[in-house]
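Q: Chain by chain, the residues run as shown.
Number of protein chains: 4
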Amino acid sequence: MAPIPPSEDEVLEYFKTCSNWGKWGQDDERGTINYITSDARKNAAGLVTEGITVSCSRPLSKALDPDVHNPLIHFMTGSGETWTGKPSERNSMQSSGDFIGIAFHGFTVTHVDSLAHVFWDGQMYNGLSADHVTTREGATKQSIDVLRDGVVGRGILLDIPKIRGKDWLEPGTFVYPEDLEAAEREHGVKVRSGDILLVRFGCLMQRNEQGPTKRHLEKRAGYHAACLPWFHKREIAMLSSDSAQDAFPGGYAKLPMPIHQVGIVAMGLWLMDNADLEQLAATCARLKRYEFMINISPLRVPTGTGSPVNPTAVF
Amino acid sequence: MAPIPPSEDEVLEYFKTCSNWGKWGQDDERGTINYITSDARKNAAGLVTEGITVSCSRPLSKALDPDVHNPLIHFMTGSGETWTGKPSERNSMQSSGDFIGIAFHGFTVTHVDSLAHVFWDGQMYNGLSADHVTTREGATKQSIDVLRDGVVGRGILLDIPKIRGKDWLEPGTFVYPEDLEAAEREHGVKVRSGDILLVRFGCLMQRNEQGPTKRHLEKRAGYHAACLPWFHKREIAMLSSDSAQDAFPGGYAKLPMPIHQVGIVAMGLWLMDNADLEQLAATCARLKRYEFMINISPLRVPTGTGSPVNPTAVF
Amino acid sequence: MAPIPPSEDEVLEYFKTCSNWGKWGQDDERGTINYITSDARKNAAGLVTEGITVSCSRPLSKALDPDVHNPLIHFMTGSGETWTGKPSERNSMQSSGDFIGIAFHGFTVTHVDSLAHVFWDGQMYNGLSADHVTTREGATKQSIDVLRDGVVGRGILLDIPKIRGKDWLEPGTFVYPEDLEAAEREHGVKVRSGDILLVRFGCLMQRNEQGPTKRHLEKRAGYHAACLPWFHKREIAMLSSDSAQDAFPGGYAKLPMPIHQVGIVAMGLWLMDNADLEQLAATCARLKRYEFMINISPLRVPTGTGSPVNPTAVF
Amino acid sequence: MAPIPPSEDEVLEYFKTCSNWGKWGQDDERGTINYITSDARKNAAGLVTEGITVSCSRPLSKALDPDVHNPLIHFMTGSGETWTGKPSERNSMQSSGDFIGIAFHGFTVTHVDSLAHVFWDGQMYNGLSADHVTTREGATKQSIDVLRDGVVGRGILLDIPKIRGKDWLEPGTFVYPEDLEAAEREHGVKVRSGDILLVRFGCLMQRNEQGPTKRHLEKRAGYHAACLPWFHKREIAMLSSDSAQDAFPGGYAKLPMPIHQVGIVAMGLWLMDNADLEQLAATCARLKRYEFMINISPLRVPTGTGSPVNPTAVF
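Residue numbers (the working numbering), protein chains in the order written: chain A, 1 to 315; chain B, 1 to 315; chain C, 1 to 315; chain D, 1 to 315.
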């Protein structure tokens, strides 16, 4: 039986009850990353017992698929064809090179949102005015460069379809705190302060098997807004999934993406959208453990609102 | 007294004596990354005793500095100015976004070269023809995506100016195996198979203090070609520094960049150019240890010749 | 009754019989633009009797339509939202700006192909080796900058669907010299040396009415290869249409795009692909004349293989 | 003797006295282009007596010169090197292609500003709010696509250094209405309603001869603000020069670029910055006439704030 969802007013109330504004000082730009302590990092390193690494990133794609807003731009600045069959010459080097360009926000690229990515009533996390993010200069506050030293900590995978005996959740399915706790029990883990939480909905497996469609933009499995107090109470440092977190449609007209809106603005919660959790889920199932060290190192774009990333889980 | 450098013929001979072609099979695309074993990763995790992380990446810069070939392109696809002072509305989300574009090869961006980046006599690592890297498709072999699961292992910093009592090596200074071994002794570490070796020349500190100039393109401190057999014998997995590795001018007309040319093509050696080792060096000096866990996770560009990265050292 | 098409061998023979190699000298890069004389330009100006101008360019589109290979990239470097309701300040200017990026070749952008765009057996127009077009430097010969002073001359519109009493030719329809001559008779014009010939197939009207589909990439109305000797004999300076010229499939396995292949390589014929001829056709019909002055001014990309253009017809 | 320049208050008064707001209706987006009548176009065509065309565009440059804010981005999507020495194959075409990207505003690219490029006190031409130009969508009003049918009319060149017996005006030199009228007398032309006025300051020749420097950003020859009423009274349709119009420094703290600010916002005056008038001036001098037909056809960027152009003068 599905839980009774909160009313829209109750969700709007989360902006206060789940708020971290001022918690780490008026100038704080780190939000929930503050939950990751030195001890959390040390303990995470202690989880490395196999010496195995697993990527949680989708490949960047040039394909103009129906659910892609902004495909990767990739051009060669030099190629091998120039040199085929030619001897190397003095004072010159045979080399190739390339240019990559990407507008990573959206529903297909694995990326981290900085806290400058979403606003509510014209305000950013910690009460800053939205105009700290300008067209000319970018995010002059709360940019992705706040994470310059990388995010290293304990990762937890909760595989919701697996505990339901399915390959994936159907588009539009909500995931509630009750589901997260059921998965905790099933997997034998418990999410705690400073964790990087990755939840598998199976969205990517469905896309891989059925092909990309525009429908995936219109109806998506994801977290219900009711998870917000749970994330807040558990003090997670970063939230991820194989989708863009929010179930869609989410059921609240004023909050089309409550996880993004309450999460980023009120909680200062870091989101990592559109991960690839397939290999991770297989590894967890094989090793029968759902905790691991994880490293997420965004590119240092000084005024960026996020960055494509290749998160590395280490077992 | 400076070591007697090898003759050009002797360096050309390295293409054979330092070759790893066929060592890991005819289809191998991983080269020296093969040296990183599960045990190496586990041991690296064991070095995490403080729970401190340090970025080894320079910020990506939009500045048209004299030593920049290709500045970062960074455009906003949405900004906060749109929303300042405005209440959030139903069915719409206040958000910002951006586009980043970068041709990362060169002398200013922290990036990893894939083995598809350099050719010798029209050939790539492991004897493939250079035309596997095409203008239309990019690196169809030996692309950066070979490292999709991330590079996790033991990092070693050797701080050459420090052991000489200087801030930086003057442009044009050669670093020889003798210098590397002197630093090993001084720092109390020994480079071994599977290590990620980072050597500080001080190039970035000099740039930071004196400002960028075109001169840095013409004369650079760096490894002498004589280091190649040493890298080969020590079986390092990846080589980095705060420069683009090769000293310039390097002294050999036929090999303007022998570390790139012999290293990538013959050895299959992965290079990470233009790191920022200032904070890392300060941390090593403070903690009095020059070994640490390091994680380098290139973006998954399926046919890329490299990727900008933000390497994270964990102590 | 449809004309009997030439055999593939006969079309391959066009590489010789329609060749302009050497005609204007061994170093010529201008090809058929040489046909436009000063007198042709003067006469074209004499056609301006109404003082009306008509664009023959489609708008550049950001839409990821199914027949679009490379959508326009368009980012703002400054926007008006920054300044709304704010007084101008000393020493600063309220302004906006943008970045545009486009890979214009393909089937949707109105653009001119330079003679460096197509090769046959590894050769360019006038017998140059294809490697004059490099990944690193672009078209070092026969670039679009050859047309730096603009193309000004007499334009002729032949509206094939109109003379057949249709809105458009169905995808896959061939246009033969017989059709061109029928249109000449119907419209009361005769194509002569130095003319810029624009032929309406109705492709764009069909796209506008039915919406873009992938099918338009697979089956397109266009010129039959049999038109090549006619273009050669008539000495046209530039060829255009509301498609990418070649009918598809064209009927010849070795020459998937004979108008591009024989036209560009053998004849040095300048092509302007994907024009918008709807307003032009309406104007010609209204004024009952199918000749006009036309001006096509490619951007000066020194080593470009073409340029997006906005051709202006003047009546 | 230099004219007595107006006070800052007098220049600010131009916003009223030179205003065209409402002149062509409340919804007008065409501004001074309205001055170009059908008769003006016909008369312009009548000036074509030689059949000669001259480009007024600088080449787009990839060089990172000191006065370049945003160099051309130019990448090959296919190159000839792929095909060198290879026979053409069935069902495949040997071709090349490229991508171009440009942020054209600034001081080096020949481009037209749309009326959406500059604001005063948060307003655009004709009193629209600046927020019609958004980060997300671009110029939703008064975009460059207003000029979709091309600008065709009479061009007038006034060569100020020539009448002073110099090669160029020194950086910082002001050009006043008195200079324009002296050039009119000297050249035997008179600027009238609907003209496209191009004035040569010699800036580009100086750059060509002395090389690009940062100084050219700090001190530039150009129109004095005192020219604004003259442009208004003469009813010119478009203003151009071999610089970005405004002399710099211009002498007015509140209006760093009065030609851009009063011209675009109050007058709805179209500006074409950074033309190359060297070949044009030589042609005018040789033919002893300073009037000609001119065609300027911006790219159709639906929400662009301008476009790079290649203006073609026809004699």
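To be clear, the hints were calculated from the coordinates, so they are not data collected in a lab.
Hints should not be assumed to be uniformly reliable.
Simulated crosslink set (DSS-like; lysine-lysine; CA at most 25 Å straight-line) [claimed, not checked]:
(1) A:254 to A:16
(2) A:141 to C:42
(3) C:214 to A:214
(4) D:288 to B:141
(5) B:16 to A:42
(6) B:141 to A:86
(7) D:288 to C:190
(8) D:86 to C:288
(9) D:141 to C:42
(10) B:141 to A:42
(11) A:62 to C:62
(12) A:62 to C:214
(13) B:190 to A:190
(14) B:288 to A:86
(15) D:86 to C:62
(16) B:190 to A:86
Q: Checking one constraint from the list: CA of residue 214 of chain C to CA of residue 214 of chain A, max 25 Å. Satisfied?
A: Within the cut-off at roughly 16 Å; holds.
Q: Does residue 214 of chain C lie within 25 Å of residue 62 of chain A when you go C-alpha to C-alpha?
A: Distance ~17 Å between residue 62 of chain A and residue 214 of chain C Cα, so the pair holds.
Q: Given the proposed pairing of residue 141 of chain A with residue 42 of chain C, does the C-alpha separation stay at or below 25 Å?
A: violated (60 Å)
Q: Are the Cα atoms of residue 86 of chain D and residue 62 of chain C separated by 25 Å or less?
A: Outside the cut-off at roughly 36 Å; violated.
Q: Next pair to validate is residue 254 of chain A with residue 16 of chain A; report whether the Cα-Cα distance is within 25 Å.
A: Holds: residue 254 of chain A and residue 16 of chain A sit about 16 Å apart, inside 25 Å.
Q: Does residue 42 of chain A lie within 25 Å of residue 141 of chain B when you go C-alpha to C-alpha?
A: Violated, at about 38 Å.
Q: Given the hinted pair residue 190 of chain B and residue 190 of chain A, is their Cα-Cα distance within 25 Å?
A: violated (40 Å)
Q: Given the hinted pair residue 86 of chain D and residue 288 of chain C, is their Cα-Cα distance within 25 Å?
A: violated (49 Å)
Q: If you draw a straight line from the CA of residue 190 of chain B to the CA of residue 86 of chain A, is it 25 Å or shorter?
A: violated (40 Å)
Q: Mind checking the alpha carbons of residue 141 of chain B and residue 86 of chain A for me, to see if they're no more than 25 Å apart?
A: Holds. Residue 141 of chain B to residue 86 of chain A sits at ~19 Å (cutoff 25 Å).
Q: Compare the distance between the alpha carbons of residue 62 of chain A and residue 62 of chain C with 25 Å, and conclude whether the hinted pair is satisfied.
A: This hinted pair holds, its Cα atoms lying about 15 Å apart.
Q: Given the hinted pair residue 141 of chain D and residue 42 of chain C, is their Cα-Cα distance within 25 Å?
A: violated (38 Å)
In terms of the numbered hints stated before, the structure departs from hints 2, 4, 5, 7, 8, 9, 10, 13, 14, 15 and 16, listed from lowest to highest.
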